[in-house]
Amino acid sequence: TQLLEQSPQFLSIQEGENLTVYCNSSSVFSSLQWYRQEPGEGPVLLVTVVTGGEVKKLKRLTFQFGDARKDSSLHITAAQPGDTGLYLCADPGDTGRRALTFGSGTRLQVQP
Amino acid sequence: EAGVAQSPRYKIIEKRQSVAFWCNPISGHATLYWYQQILGQGPKLLIQFQNNGVVDDSQLPKDRFSAERLKGVDSTLKIQPAKLEDSAVYLCASSLAGGDYGYTFGSGTRLTVV
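One line per chain: the protein sequences are A and B, in this order.
Per my numbering, the first sequence runs over residues 2 to 113.
Per my numbering, the second sequence runs over residues 232 to 345.
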């Protein structure tokens, strides 16, 4: 089972600032998913990255998968209060098992 | 489509009592998961079902936790007896075919053991 480390654990910023959060592992991911979880709700899938070096954009969110597929980052441009939440990276595991292994998350708070 | 339904939303019990959580997955989703999320941590898999069979329960504390998915549709997770460290959010998720087409999570049940 992969051990996923996320950093920072907590981030509090002002509206309009940019930020980057990270997800690292000592092992190679076959693919990686990013989720956002709001208080009182379950995680919601943001993106899946599969290919080393891949970059995906979702409005103001940019996701990057490391060339060696052992790390990933999420960059948010001009953060808004609606971005507040817990950002989780997750390893979907191998085909046939496909149960998510989550990192501990980065809790983001965007102050208006 | 309707999402993953969970009940109750909140539960407070005393230690050593029993509690049960219910999950109704998205219609047609063969795979169902129960996760435990302790405050400040990411969700941790407790058990995975494929239809009504268990795929992985290696992280389920079987001395006190049990789960079933009769008829391969809805599922129940039970804790008996509860301990203080069981205080957490219990999330249910389902997927169409082992996660290959994505996962959908319910809103969870927040359990407080006092």
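The set of hints was computed from the structure by calculation and includes no laboratory data.
Every residue gets a Cβ at the ideal spot worked out from N, C-alpha and C, and that includes glycine.
Be aware that one or more of the hints could be misleading.
Okay, derived cross-link-like pairs now, SDA-like style, lysine to any residue, Cα gap no bigger than 25 Å in a straight line [stated by the list, open to error]:
hint	chain 1	residue 1	chain 2	residue 2
1	B	Lys246	B	Ser318
2	A	Lys60	B	Val345
3	B	Lys293	A	Ser105
4	B	Lys275	A	Glu18
5	B	Lys314	B	Gly333
Over 12 Å on every C-beta distance to chain B, these chain A residues come out as not near it, computed from the model [unchecked claim]:
hint	residue
6	Glu16
7	Gln65
8	Leu89
9	Thr102
Q: Just pull the numbers of the violated hints for me, sorted ascending.
A: Result: hints 2, 4, 5, 8 and 9 break, sorted rising.
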